[in-house]
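Taken in order, these protein sequences are the chains called F and W.
Anchor point for the first sequence: position 209 equals 226 in the UniProt record's numbering, and the numbering is continuous, going up by one each time.
Anchor point for the second sequence: position 170 equals 187 in the UniProt record's numbering, and the numbering is continuous, going up by one each time.
Worth flagging that the hints you see were computed from the coordinates, not collected in a lab.
Heads up, a few of these hints could be off.
Since the list gives no way to pick out one identical chain from another, each pair is judged satisfied if it fits inside one copy or across any two copies.
What the hints assert, rightly or not - Under the rule of at most 25 Å between Cα atoms (straight-line distance), these lysine to aspartate or glutamate pairs were calculated in the DMTMM-like manner:
| hint | residue 1 | residue 2 |
| --- | --- | --- |
| 1 | Lys261 | Asp51 |
| 2 | Lys258 | Glu30 |
| 3 | Lys41 | Asp325 |
| 4 | Lys258 | Glu59 |
| 5 | Lys322 | Glu265 |
Number of protein chains: 2
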Amino acid sequence: AVAKPAIAQSNPEIRWRLTSGFPKSLDTIYGAADFFAKYVSEATDGKFVVQPFAAGEIVGTFQAADAVQSGTVEMAHTASYYYVGKDPTFAAGAALPFTLNARQQNAWMYHGGGVDLVNEFMAKHGIHALPGGNTGTQMGGWFRKEIKSVQDLQGLKMRIAGVAGQVMAKMGVIPQQVAGGDIYPSLERGTIDAAEWIGPYDDEKLGFQKVAPYYYYPGWWEGGLTLHFYFNKAKWEELPKNYKAIAEAACMAANLDMLAKYDARNPSALRRLVGAGAQLRPFPQDVMEASYKATNEVYDEISSKNADFKKALDSIRAFRNEEYLWFQVGEYSFDTFMIRARSRG
Amino acid sequence: AVAKPAIAQSNPEIRWRLTSGFPKSLDTIYGAADFFAKYVSEATDGKFVVQPFAAGEIVGTFQAADAVQSGTVEMAHTASYYYVGKDPTFAAGAALPFTLNARQQNAWMYHGGGVDLVNEFMAKHGIHALPGGNTGTQMGGWFRKEIKSVQDLQGLKMRIAGVAGQVMAKMGVIPQQVAGGDIYPSLERGTIDAAEWIGPYDDEKLGFQKVAPYYYYPGWWEGGLTLHFYFNKAKWEELPKNYKAIAEAACMAANLDMLAKYDARNPSALRRLVGAGAQLRPFPQDVMEASYKATNEVYDEISSKNADFKKALDSIRAFRNEEYLWFQVGEYSFDTFMIRARSRG
């Protein structure tokens, strides 16, 4: 008889490493890794310890999926759309343009088949993935010049990636890949004309209003970005059942906590940004309409070549159409009244 | 030396009972108790077991707070506004009219001081309370006759309780206390003219559209009802640190899961209700305005007599005003576009 491996014990000592896709300066989004690690350690009396590392400390932001798959690290905390270069289906678990807001993402994930659908795909990459954060609807980014219509997008060099970058390209934008720390000097020198980042609380730290004051909304490509915890699939499956339950609950708690933190911190950051010179602007209606049309074209193109993407997109779109049937009733009319009541003072 | 009590062990065997404020037929809201119990048991390999009981099995819906305080049960899962008869401050942890939507409730609870503020008050009642579910914005309820203006509310007998009942009374409504199972026959016989319940998924089970077809929105008195898990305070404090961590994460996971479940199930229920004859109507603008005005009057009256209520309300109102500053930008404009795009087909 072969001895059972230590991991089959009920409360084995486990030490894992987690690579975050984010720097520690983004305390809200990076903080989910600390939050997860703290709960898992406390829940197991320090027996299951996950040590988080910032992006670049073990591997870079865009190497996290590979590092989990190969077992270099057991876990990552990341935005799945960073890996659209491998397969655009990765974006389906994170955010697809003009699809779901944050609550709808959670409804799709936990009660619309999303978690299973994402993991059916992730299994091909040796990853088990669980939602672990949401930013809410992001901002549309910072522009050096005002955008009055679609014409103003022609030839614009914008820091934007993934599926949204493909959509922007259809409208005449030249998408650029620029690392977070390089955005400010690129905007200042005029190497790029615009850049999308996250939302007020994170954007404020980088001071974009000084070099690209026009601050557009909404970020239609991220109605509610879901972050994920990635687990090396073999390592996940070896976990005792109680550790799996602890990890699952900690992921859900981290998911909820990140959105609550963003929602609590974004308002005062927005106020300060406007005070510091940010010119808040909605995207013109023709830009929204053209973006929506271009998005559907990109979806058709990718879907015709990629069955996994099509399957995920079809599920998300069908879910979205049902969700907005409901959200436009109670939620939207409540928010509408509250927004008007507030602006009357 | 005195021997340590068993509970000081790291993984003691604990058997607790939880009384839910809800019947099992409300599988979404009742389900949070099962969800919590399952995670806690799995996370501790069956050592910490919480057994949920439906309302009435041990004590009734409105006795849950007393049962937790006295130690008859160690836990409850309930809507805190059921106990406004003890003190209106209980409602502040659940839902106050014209305040926060579901995401804002979570932001206030976890990152706006809400959990601490609620527990400062709950400690006076021997309870430790953690958020454990949200319904989203509820519906405004079922009316036998169409409501075209505030005049149509005069003398209307409506099943509505708590602070919202006081507000309705200011507008000429006669608030009625009617248990869930008695609402349908009361509407059918005309003993009452209107009744608020929850939202499409739960309302559908009771078939109200057959006897009171006008289905109004939004339920301005519950922009995002937070349910709570109550713990007997002494029992909570005796828990080992790892069990506290497990319970806290399970409460947060249950909080997230309930809203996701409602959001996933409400749309198709709404579609079926409309197909079965429900007449969907927004409250007329003058009803919304009069309700808002009456709400602020009720708030002033309660605040002048109750310092705990005033403290909680002031915190929630200040938070609300900041939140809608932000929500009207990204979230609302994204939702607005998606709702319009959907209705164009």
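Outcome of the hint check:
For a Cα distance limit of 25 Å, the shortest separation of Lys261 from Asp51 qualifies both inside one copy, at 18 Å, and across copies, at 18 Å. Proximity of Lys258 and Glu30 under a CA criterion of 25 Å is satisfied in both settings, with 14 Å inside one chain copy and 18 Å between copies. Proximity of Lys41 to Asp325 under the C-alpha cut-off of 25 Å is found in neither arrangement, the shortest distances being 33 Å within a copy and 38 Å between copies. When the C-alpha separation of Lys258 and Glu59 is checked against a cutoff of 25 Å, the pair qualifies both within a copy, at 17 Å, and between copies, at 7 Å.
Within a single copy, Lys322 and Glu265 get their C-alpha atoms no closer than 34 Å, and across copies no closer than 45 Å, so neither meets the 25 Å cut-off.
Violation of the numbered hints given earlier is confined to hints 3 and 5; the remaining hints are satisfied by the structure.
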